[in-house]
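Trainee: Single-letter residue listing:
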Amino acid sequence: MTALRRNATIAWAIARKDAVAEVRGKQAAVSTLTFAAVVLLLFGFALGPDPRRLADAAPGLLWLGLVFAGLLAVGRFHELETEDGALEQLTLYPVDRRSIYAGKAAVGAVAMLVLGALLVPLVAILYAVDVVRALPVLSLTVLLGAIGFAAVGTFYAGVTVRMRAREVMLPLLVLPIVAPLLLAAVKATSAALTGDPFGELPAWLELLAGFDVVMLIAGAGTYGFLLEE
Amino acid sequence: MTTRILGVAALLAVIAAALFGLYGVPADLNQGDAQRIMYPHVASAWLAYLSFGVTALSGIGWLIRRDLRFDAVAVASAEIGVLFTALAIWGGMMWARPVWGVFWQWEDPRLTTTALLLALYLGYLLLRRLSDDPARRATRAAVVGLVAAVDIPIVHFSVIWWRGLHQPPTFLSPDKILNPSAPLPFVLALVGMLGAFTLAWTWLLIRRYQLARAELAREEAVRGGLVRRASAAKARPGAAANPGTTIGDDGGIPPPKAQAEATR
Chain A
1 MTALRRNATI AWAIARKDAV AEVRGKQAAV STLTFAAVVL LLFGFALGPD
51 PRRLADAAPG LLWLGLVFAG LLAVGRFHEL ETEDGALEQL TLYPVDRRSI
101 YAGKAAVGAV AMLVLGALLV PLVAILYAVD VVRALPVLSL TVLLGAIGFA
151 AVGTFYAGVT VRMRAREVML PLLVLPIVAP LLLAAVKATS AALTGDPFGE
201 LPAWLELLAG FDVVMLIAGA GTYGFLLEE
Chain B
1 MTTRILGVAA LLAVIAAALF GLYGVPADLN QGDAQRIMYP HVASAWLAYL
51 SFGVTALSGI GWLIRRDLRF DAVAVASAEI GVLFTALAIW GGMMWARPVW
101 GVFWQWEDPR LTTTALLLAL YLGYLLLRRL SDDPARRATR AAVVGLVAAV
151 DIPIVHFSVI WWRGLHQPPT FLSPDKILNP SAPLPFVLAL VGMLGAFTLA
201 WTWLLIRRYQ LARAELAREE AVRGGLVRRA SAAKARPGAA ANPGTTIGDD
251 GGIPPPKAQA EATR
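Residue numbers (the working numbering), protein chains in the order written: chain A, 1 to 229; chain B, 1 to 264.
So that you can see chain A by itself, here it is in the shape it has in the complex (with noise of 0.2 Å):
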């Protein structure tokens, strides 16, 4: 229990210490989610502006958005430590690397869930779509969704930092690997906006929280590989 407590705690410090460097430095928070806003207006662009065809893809625009921005906020997070030998520093204290990675990853998440909390309205008010009923089980969606690609591409960044050319590596890694949990967040958030017809949402969360739990998982267990290179 103790064991658990201190690597909580070690977890906790990571996670803020990224959470407290990112908004200090703001300019890479703010880019990112003006990113995330223009790619919204850009598929709007693409679909053309039918109101009823927005609607209908608003559920997949959304999480490509989420997944697009996410990529630039789980590297941004690794690419902190690449700096000053950062990075060398973390892997020598002597603590367990899965609260490293945990660390890493929750504020991955916590990043996630801002970006969610930008763009769902914005869904709202570009793709004419009505949140405000589904937003409690939308709400757990992108609760699930955030974890479970924090879980991924937390990872996946600790993978490529000291890569050459990491900036195509990571989403060229981490998007075949997201494809379930695309798919289930997408089917989800469609569910929960029609007022789930077919009783199918159940399904698709546990879809979700299974990848996460499993990601989770395999991230911890392989993370710290990564960091004795």
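Be a bit skeptical, because a hint or two may be false.
Unchecked claim - Covered stretches of chain A, going by a simulated chain B footprint (3 or more residues, C-beta under 8 Å):
| id | stretch |
| --- | --- |
| 1 | 2 to 14 |
| 2 | 163 to 175 |
| 3 | 202 to 216 |
To be verified - Residues from chain B shown here face chain A by an in silico Cβ test under 8 Å; the list is partial:
| id | residue |
| --- | --- |
| 4 | E107 |
| 5 | G123 |
| 6 | L125 |
| 7 | L127 |
| 8 | T139 |
| 9 | S158 |
| 10 | W162 |
| 11 | P185 |
What the hints assert, rightly or not - Counterexamples of contact, computed for chain A against chain B with all Cβ distances above 10 Å:
| id | residue |
| --- | --- |
| 12 | G48 |
| 13 | P51 |
| 14 | L80 |
| 15 | V132 |
| 16 | V137 |
| 17 | V152 |
| 18 | G219 |
| 19 | T222 |
These aren't lab readings, by the way, just hints derived from the structure by calculation.
This one's a predicted model, so the numbers in the text were calculated from it and none came from an experiment.
Don't be surprised by glycine CBs; every beta carbon is placed ideally from N, CA and C.
Following the hints, position chain B against chain A.
Mentor: For chain B alone, kept in the frame of chain A given last:
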């Protein structure tokens, strides 16, 4: 020599299985000649999954034993896996066009899963290309291969849920292959092709493994040469001004230590 015999046997087996599939078996009643694509297609798909399973297991082997031979198996298997995955998708599309009327059927969970499989392992191979240090590359590749292998079943299930059940896989239900309702020649053609392709896969794996070992030995030799050159230059400041002579000293021959390490 044994590998060469295996290679010849694999070649003959594939030719025999192809001839049997083309001429020994009657055309399918509903699908006509297009159904014959299924023999190499199913065999390729089986080898694609086998390859990536071997890659994941070799990755675990590397992480536990820290022996670069595991990594050589991993890369060999991954590259061959990408080849057979591409073959499986190509064969599937050639079959889908006359039978379903489209090249790409989004509702087919296996096609979608296999396409993602290809993307995952192309990323795996690119990742290897972009890492220079052998141990670092092996570790990165091992964990990425592992996570990809964990992801594949989730992808498969999610796509099945996504679009209801299409035609259930022939491949993962042995009762269907062994079912007497399928005429014996069909079963023989499929099993024969599976066996022939697996033989060819084994030969390819051995050859690619040997190549990976040779590549690694060369890499180590180059690295060893560089290290010696740099240290020599440091020892004699005058040599740094004229690096041509120090390179000449090594003559491109790897230092014995690096070679011994590489062939360990």
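Trainee: If a hint holds in the structure, say so; if it doesn't, say that too.
Mentor: Here's how the hints hold up against the structure:
| no. | hint | result |
| --- | --- | --- |
| 1 | 2 to 14 | violated (count 0) |
| 2 | 163 to 175 | holds (count 7) |
| 3 | 202 to 216 | holds (count 7) |
| 4 | E107 | violated (13 Å) |
| 5 | G123 | holds (5 Å) |
| 6 | L125 | violated (11 Å) |
| 7 | L127 | holds (6 Å) |
| 8 | T139 | holds (5 Å) |
| 9 | S158 | holds (4 Å) |
| 10 | W162 | holds (6 Å) |
| 11 | P185 | violated (39 Å) |
| 12 | G48 | holds (22 Å) |
| 13 | P51 | holds (25 Å) |
| 14 | L80 | holds (20 Å) |
| 15 | V132 | holds (28 Å) |
| 16 | V137 | holds (18 Å) |
| 17 | V152 | violated (8 Å) |
| 18 | G219 | violated (7 Å) |
| 19 | T222 | violated (4 Å) |
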